[in-house]
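Visitor: Make the full structure from the sequences, and use the hints.
Our numbering puts the first residue of the sequence shown at 269, with every later residue one more than the last.
Hints were generated in silico from the structure; no laboratory data involved.
Being a predicted model, the structure only gives us computed values, none of them experimental.
Every residue gets a Cβ at the ideal spot worked out from N, C-alpha and C, and that includes glycine.
Check the hints yourself; a few may be wrong.
Below 25 Å or equal to it, Euclidean Cα-Cα: the simulated DSS-like pairs (lysine-lysine) are [said to hold, decoys possible]:
{"hint": "1", "residue 1": "Lys760", "residue 2": "Lys771"}
{"hint": "2", "residue 1": "Lys464", "residue 2": "Lys545"}
{"hint": "3", "residue 1": "Lys752", "residue 2": "Lys545"}
{"hint": "4", "residue 1": "Lys982", "residue 2": "Lys810"}
{"hint": "5", "residue 1": "Lys760", "residue 2": "Lys545"}
{"hint": "6", "residue 1": "Lys510", "residue 2": "Lys522"}
{"hint": "7", "residue 1": "Lys873", "residue 2": "Lys781"}
{"hint": "8", "residue 1": "Lys909", "residue 2": "Lys873"}
{"hint": "9", "residue 1": "Lys1019", "residue 2": "Lys760"}
{"hint": "10", "residue 1": "Lys810", "residue 2": "Lys893"}
{"hint": "11", "residue 1": "Lys522", "residue 2": "Lys545"}
{"hint": "12", "residue 1": "Lys810", "residue 2": "Lys781"}
{"hint": "13", "residue 1": "Lys493", "residue 2": "Lys522"}
With beta-carbon atoms standing in for the labels, derived distance ranges [unchecked claim]:
{"hint": "14", "residue 1": "Glu364", "residue 2": "Val619", "range": "47 to 57 Å"}
{"hint": "15", "residue 1": "Glu955", "residue 2": "Glu536", "range": "35 to 45 Å"}
{"hint": "16", "residue 1": "Ala888", "residue 2": "Thr908", "range": "32 to 42 Å"}
{"hint": "17", "residue 1": "Arg751", "residue 2": "Glu460", "range": "27 to 37 Å"}
{"hint": "18", "residue 1": "His378", "residue 2": "Glu460", "range": "28 to 38 Å"}
{"hint": "19", "residue 1": "Glu460", "residue 2": "Gly697", "range": "45 to 55 Å"}
{"hint": "20", "residue 1": "Ser808", "residue 2": "Ser890", "range": "15 to 25 Å"}
{"hint": "21", "residue 1": "Ala589", "residue 2": "Gly461", "range": "27 to 37 Å"}
{"hint": "22", "residue 1": "Thr885", "residue 2": "Arg837", "range": "24 to 34 Å"}
{"hint": "23", "residue 1": "Tyr593", "residue 2": "Pro500", "range": "34 to 44 Å"}
{"hint": "24", "residue 1": "Pro394", "residue 2": "Asn927", "range": "45 to 55 Å"}
{"hint": "25", "residue 1": "Gly906", "residue 2": "Tyr593", "range": "30 to 40 Å"}
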Amino acid sequence: MMYRLLMIGLLLCFFLQGGLTAEAENNKLNMAISVDVPLDGIYKNGKMVRFYVTMKNQDQPFTGEMVVQSVEMGHTQILSQPKQFQIETDEQKTVEIDVHSDQLMNAWRHVGISILQGGEELEWIPVTGLQPQHEWVIGVISRDSNAFHFLSMAHPEQGRNLTIKQIKPSSLPKESILMNHLDVLAIGDLAEGLEKEQSEAIKEWVLSGGVLVVSGGRSYESTVKYLGDILPYSSEETQTRKISQDIEMLSEMKPPVDQVSVLKEATETFHAVSFGKGTILTVAYDVTEEPIASWQGNKALWQQVMKRWLLDSVTRKDMRAISDYGLMELSYMTPGVTPPHFPLISSIWIVYILIVTPGLFLLLKRRGKREWAWFLIPSLSIFLTAGIYGLGKYMVAKDDVVHTVSAIDILHDQQAEVNSATSFLMIDGGTFTVEQVEGATLIPNHRGRTESTESVITFENGSFQFRKIPYLSMKEAYAHSLRKDVGYIENKLYIDEERVKGKVRNLTVFDLKNVLVTVGMQEIHLGDLPRGKDIEVDVSLKRVYVPDSILLDREEEGRVLNRHERMERLQRSHYEYNATSIPVTITGWSEEGIEVFNVVDREEKKYYSTIVRQNTTLIASSNGKQIYPYGTLPLRIGETKGNWEGVQGGYYVSNGFLNFALKVQPNGLMVDRIEVPLNETPYKPFEKKIYNVKKDRWDTVESNQPIILTGTEKEEYITPQGEIVLRFYQESEERVFLPQPFFLVEGQVIKP
269 MMYRLLMIGL LLCFFLQGGL TAEAENNKLN MAISVDVPLD GIYKNGKMVR FYVTMKNQDQ
329 PFTGEMVVQS VEMGHTQILS QPKQFQIETD EQKTVEIDVH SDQLMNAWRH VGISILQGGE
389 ELEWIPVTGL QPQHEWVIGV ISRDSNAFHF LSMAHPEQGR NLTIKQIKPS SLPKESILMN
449 HLDVLAIGDL AEGLEKEQSE AIKEWVLSGG VLVVSGGRSY ESTVKYLGDI LPYSSEETQT
509 RKISQDIEML SEMKPPVDQV SVLKEATETF HAVSFGKGTI LTVAYDVTEE PIASWQGNKA
569 LWQQVMKRWL LDSVTRKDMR AISDYGLMEL SYMTPGVTPP HFPLISSIWI VYILIVTPGL
629 FLLLKRRGKR EWAWFLIPSL SIFLTAGIYG LGKYMVAKDD VVHTVSAIDI LHDQQAEVNS
689 ATSFLMIDGG TFTVEQVEGA TLIPNHRGRT ESTESVITFE NGSFQFRKIP YLSMKEAYAH
749 SLRKDVGYIE NKLYIDEERV KGKVRNLTVF DLKNVLVTVG MQEIHLGDLP RGKDIEVDVS
809 LKRVYVPDSI LLDREEEGRV LNRHERMERL QRSHYEYNAT SIPVTITGWS EEGIEVFNVV
869 DREEKKYYST IVRQNTTLIA SSNGKQIYPY GTLPLRIGET KGNWEGVQGG YYVSNGFLNF
929 ALKVQPNGLM VDRIEVPLNE TPYKPFEKKI YNVKKDRWDT VESNQPIILT GTEKEEYITP
989 QGEIVLRFYQ ESEERVFLPQ PFFLVEGQVI KP
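Guide: Pasting the structure below:
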């Protein structure tokens, strides 16, 4: 008997083991899977990272999901929204899955792609080579692996370092949004060339705020082939020319050679032009050519080049996150939606619990039917809940509602960068699918955190689905796109006799409300401007040292704003925190909009809130005079001592001093006059000095007079970088507020 039991037990173990082994074999994917990350794995916080998962299916057709996960010490964390995919037998395909880079910053050593089916993990593919960066990143593409190596030694701003990363051309993304991990892209000799989509991505990236540095000389031929339509010089022809004077002026060191091969069209050794929000710097000579490539003076030279032409653009770009919380918050303020009145709901339940329930119990007890209370009281609570749900939800909203808030930045040649936040309020909740329009990129985890994998899933065709959403729950999505169908704001503005004059015409596709022109820190309100209409501008130029919007924000602090007030605040959002300059900008808002997302198989009401912004430049007046008003040119903080704190609009200073370098020599201008009104009241508590470059000393500035520099006198104070340096002392313990110095520059436009 024992023998039989032993044999039966062995057979059971055999079959159980065989069954488990078969299940394990069935669960294992018969696929070759690899993962690639653009930019050789370089990424920074506040951006979007894309993983390209390439699969070759050698088994049966397969449908499943993939997620980005981190696994550390046995703890698994999902970093991305799940993506559903399908692959046929013998098919090879690449699936893209996106993740917010903030999710990766603390988990980059243990990141992988998990392939799931029915919630069960079938395969785990570790991702190696991720390179999180916290400093400014300069990506270099060149045949010469040492090209631009000297940039790593240039520290254009105190406390900021530069990281140089060699990038293979094949690793450049084909979407401009994925290039935002680079602060600067430097191109030498393009040995491998670029695909058309990569070239377009670079152009769009610069247009949206990127900084491009291009080497001239012999290297230029390979670059102009792919990026020629945005570069200042169309020909790669070279000639030998003396450049030692330009280099010596910037580096204060004598270069190893007087003459080198330079671009024939180039009239300047370093030529910077704006392109949309970005900057393109073209170097006339080949930076990889010896002996200048390994010259020890490159550190000082490129430190000054960065300060003079690139620092402001790099700083602005570094401050931009991939998503705007202000847009998301405004999208919640949906027209036609009344938020639930929680005090009223609470009052109903309090009355029911404290009055109705005891009263009903006493009434039933008096009539000798106390046992009925066990049925009536719970039943009434159910009816009350159903009533609040059934009637209350239609008091919140009568229809399904979608509210899209878009910020449109018109950049160049009618091209526009669009960021859109959309809120979806489906009355009955449940499951609904959303399609995105062609050209829009869904920003994953736009708040920097992961949605529950049970509530949202994305698909290969770009659509996504919200699942099991409770009734009256609001969900949101965020998208980025570049468009050419929104038009532009035509304008011709100039300064004449201390007045801002000109004309503004609305050639966008929107009727604009509350059109606002900012000239430095001065705001000029033009009112409503329908499409196709124009308006004349003729107002006095004011000395404004704190933007009106900052004063308005302080007045509104603690007050709940309505939707229109929030729109007006967002309209002014081009005032970046502690911005070093505020360009001339035209803004307006509209209740018309553009489609970004469409809900499938539902009928919903759509509302739009759209902000339109366009930076512009003041043109010269009829006599050729160009004026840069107060606040339109950049400045930077230099040497500091003691205690100071940067706040919106300025700084608090005590027990020390702050130095400011004011950019008073913009490109293309022969400066005639500089005015810095330090006699204004906010600057009087400070002892003020200006650095005399010629005599290498600090000259005292009188408190009752503005600084006015003209003629040969101004040359004593302008540095080789085109700046004047001011110092503000506050030696006491008291923290005194110091607004950013504002200044005006007049000159004549240099004709090319």
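Visitor: Run every hint past the structure and note whether it holds.
Guide: Hint check:
For the suggested pair Lys760 and Lys771, the alpha carbons sit about 6 Å apart, so the restraint of at most 25 Å is met. Among the hinted pairs, Lys464 with Lys545 is consistent with the structure: their alpha-carbon atoms are about 22 Å apart, no more than 25 Å. Of the pairs offered as hints, the one joining Lys752 and Lys545 holds, with about 16 Å between alpha carbons and a cut-off of 25 Å not exceeded. Straight-line distance between C-alpha atoms of Lys982 and Lys810 comes to about 24 Å, which keeps the hinted pair within the 25 Å bound.
Between Lys760 and Lys545 the CA atoms are separated by roughly 19 Å; this keeps the pair inside 25 Å, and the hint holds. Of the pairs offered as hints, the one joining Lys510 and Lys522 holds, with about 13 Å between alpha carbons and a cut-off of 25 Å not exceeded. For a cut-off of 25 Å, the pair hint linking Lys873 to Lys781 stands: about 22 Å separates their Cα positions. Taking the CA atoms of Lys909 and Lys873, the gap is about 58 Å. The hint is violated against a cut of 25 Å.
For the given pair, Lys1019 sits about 19 Å from Lys760 by alpha-carbon distance, which is consistent with the 25 Å threshold. Straight-line distance between C-alpha atoms of Lys810 and Lys893 comes to about 19 Å, which keeps the hinted pair within the 25 Å bound. At roughly 35 Å between alpha-carbon atoms, Lys522 and Lys545 are farther apart than 25 Å, so this suggested pair is violated. At most 25 Å may separate the alpha-carbon atoms for a hinted pair to count; Lys810 and Lys781 meet this at roughly 24 Å.
With a CA separation close to 34 Å, the supplied pair Lys493 and Lys522 exceeds the 25 Å bound. Checked against the hint of 47 to 57 Å, the C-beta distance between Glu364 and Val619 comes to roughly 55 Å, which is consistent with it. In this structure, Glu955 and Glu536 meet the distance hint of 35 to 45 Å, their C-beta atoms being roughly 39 Å apart. Taking the beta carbon of each, Ala888 and Thr908 are about 37 Å apart, inside 32 to 42 Å as hinted.
Between Arg751 and Glu460 the beta carbons are some 31 Å apart, a value that agrees with the proposed interval 27 to 37 Å. For His378 paired with Glu460, a C-beta distance near 32 Å keeps the hint of 28 to 38 Å intact. For the pair Glu460 and Gly697, the supplied restraint of 45 to 55 Å holds, since their beta-carbon distance comes to about 52 Å. Checked against the hint of 15 to 25 Å, the pair Ser808 and Ser890 passes, with Cβ atoms roughly 19 Å apart.
Checking the proposed 27 to 37 Å range against Ala589 and Gly461 shows it holds: the Cβ atoms sit about 33 Å from each other. About 26 Å separates the C-beta atoms of Thr885 and Arg837, a value consistent with the hinted range of 24 to 34 Å. Between Tyr593 and Pro500 the beta carbon distance is about 37 Å. The supplied range of 34 to 44 Å therefore holds. Remark: the range hint 45 to 55 Å for Pro394 to Asn927 is upheld by a beta-carbon distance near 49 Å.
A beta carbon spacing of about 32 Å between Gly906 and Tyr593 agrees with the range 30 to 40 Å that was offered as a hint.
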